[in-house]
Amino acid sequence: MTSQRDYLPRVPDQQLESLLGALGAVVIEGPRACGKTRTADRVAASSVRLDLDANARQAAATDPSLVLEGAAPRLIDEWQVVPSIWNAIRHAVDQRGTQGQFILTGSAVPADDDTRHTGAGRFARMRMRPLSSFESGLSTGRISLGDLLDGGVAASDDPGLTVADLAEEIVHGGWPASRRLGADQAQMVLRGYLDEVCKADIKKVDGVNRDPEKVARLIRSLARHTATTTALTVLAADAAGPEGKLKDDTAGEYLAALRRLFVVEDQPAWAPHLRSKYQLRRAAKRHFVDPSLAVAALRTTPRRLLDDLNYLGYLFESLVIRDLRIYGQACDAEVLHYRDNNGHEADAVVQAADGRWAAFEVKLGAGIVDDGAESLRRFARQIDTARSGEPAVLGVITGTGYGYVRPDGVQVIPIGALGP
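Start counting the sequence shown at 17; every next residue gets the next number (this note's numbering).
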């Protein structure tokens, strides 16, 4: 099992231990290479790797009980390679009648996931993503998202990050195995990652053959439109090739497969009660699970990103959303966005399960905080707080600068100080 000495602590560690104490099995889901196995291995007492061990795969397909024997919690790594093992684990949990029996990790959602027995009351699902800024050491974590939702106040010195530092971090990505690599080397790995997605993984996820070049073109289109609500028809047209426009249905099918592989992740729209009759925009924003994948798809560099600060701003927004999702998970909160037909918007709305919520605008540079604060105040005036509750915080998350509260009450939060 993974030693404590060489393990990089993750925000979901405590959640995993809590879930194991409550249920018979925990399913850890997330993109390949985000650290699921090492996180599970830290608490597992025994393990089997179905993606690496051909004999174990054969045994699991023939008689699943053969690979379920072992000290608990037993890690079943990449369980989706043999989807039929799910029901065997469910039966084993029922028979044993105790908590913390199995940890399953999966880098894809099997095609039959919607029809398989849910495992309700037996299984819990836990999402993992690449490293957040806090987990990687980029952020001090001095400003806690959980504290902000509890009414806390942002206060921190300047973490010292520059826009150039952020461009480098975005290119590098939050992939644990690449932390000691340079940005150029990390991008080489990520380009290979996307190549594998296009040529192999997207077929394995549900057994459907797909054109790797068309998948690659759609991924590049998604990269050009990251952190936006760009319509599927636009993405399909942007992914056109020699044979013409990619069909909308085909683009939708490819996009669904990329979601199953945890390569892309939607940011749903928030639907609060409004004071006005403005119509809410329901479209989700689309992000890569880590903005470094968008960089890899477009084969760009930190220097070129610094020459296109507008696009770098979108990538920075994706980085912030990645971090908020990880920090929000620790306080049972989801990350949404808001936009209505009159242009009022919030880049991120973090809503806890108990109804508390906070809204954020994301601004790469500290010099445009005023714009973000004004946008948040306009947005907040549209919300019927008698029914949706008062916001715990309105905040502008910046790439640089100090953490403080403005005279108008809007809080300024540098990404280099934000944590769970």
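Treat the hints as calculated values from the structure; they're not laboratory data. Glycine is no exception: its CB is placed at the ideal position from the N, C-alpha and C atoms. Take the hints with a grain of salt, since some may be wrong.
[Claimed, not checked] In silico lysine to aspartate or glutamate, EDC-like type, Cα no more than 16 Å apart, as pairs:
(1) Lys230 / Asp200
(2) Lys220 / Asp29
(3) Lys219 / Glu269
(4) Lys220 / Glu259
(5) Lys230 / Asp264
(6) Lys230 / Glu259
(7) Lys220 / Asp67
(8) Lys261 / Asp227
(9) Lys215 / Asp200
(10) Lys263 / Asp211
(11) Lys219 / Glu229
(12) Lys263 / Asp227
(13) Lys230 / Glu269
[Unchecked claim] Taking CB as the label site, the calculated pair distances span:
(14) Gly198 / Thr78: 44 to 50 Å
(15) Gly86 / Gly383: 53 to 59 Å
(16) Asp424 / Ala299: 45 to 51 Å
(17) Asp370 / Asp324: 37 to 43 Å
(18) His289 / Asp174: 44 to 50 Å
(19) Arg315 / Gly86: 39 to 45 Å
(20) Ser81 / Leu314: 44 to 50 Å
(21) Ala369 / Val169: 20 to 26 Å
Tested hints:
1. Lys230 / Asp200: 26 Å, violated
2. Lys220 / Asp29: 29 Å, violated
3. Lys219 / Glu269: With Cα atoms ~12 Å apart, Lys219 and Glu269 stay inside 16 Å; holds.
4. Lys220 / Glu259: 25 Å, violated
5. Lys230 / Asp264: 12 Å, holds
6. Lys230 / Glu259: OK: Lys230 and Glu259 at ~10 Å, within 16 Å.
7. Lys220 / Asp67: With Cα atoms ~12 Å apart, Lys220 and Asp67 stay inside 16 Å; holds.
8. Lys261 / Asp227: 14 Å, holds
9. Lys215 / Asp200: Violated, at roughly 23 Å.
10. Lys263 / Asp211: 22 Å, violated
11. Lys219 / Glu229: Roughly 13 Å separates the two Cα atoms, so the pair holds.
12. Lys263 / Asp227: 13 Å, holds
13. Lys230 / Glu269: Within the cut-off at roughly 12 Å; holds.
14. Gly198 / Thr78: 44 to 50 Å: Hint holds: Cβ distance 45 Å, inside 44 to 50 Å.
15. Gly86 / Gly383: 53 to 59 Å: 57 Å, holds
16. Asp424 / Ala299: 45 to 51 Å: 30 Å, violated
17. Asp370 / Asp324: 37 to 43 Å: 41 Å, holds
18. His289 / Asp174: 44 to 50 Å: The hint (44 to 50 Å, Cβ to Cβ) is violated, given that His289 and Asp174 are roughly 38 Å apart.
19. Arg315 / Gly86: 39 to 45 Å: 44 Å Cβ-Cβ, so the 39 to 45 Å window holds.
20. Ser81 / Leu314: 44 to 50 Å: 48 Å Cβ-Cβ, so the 44 to 50 Å window holds.
21. Ala369 / Val169: 20 to 26 Å: 23 Å, holds
Checked against the numbered hints above, the structure breaks hints 1, 2, 4, 9, 10, 16, 18 and satisfies the rest.
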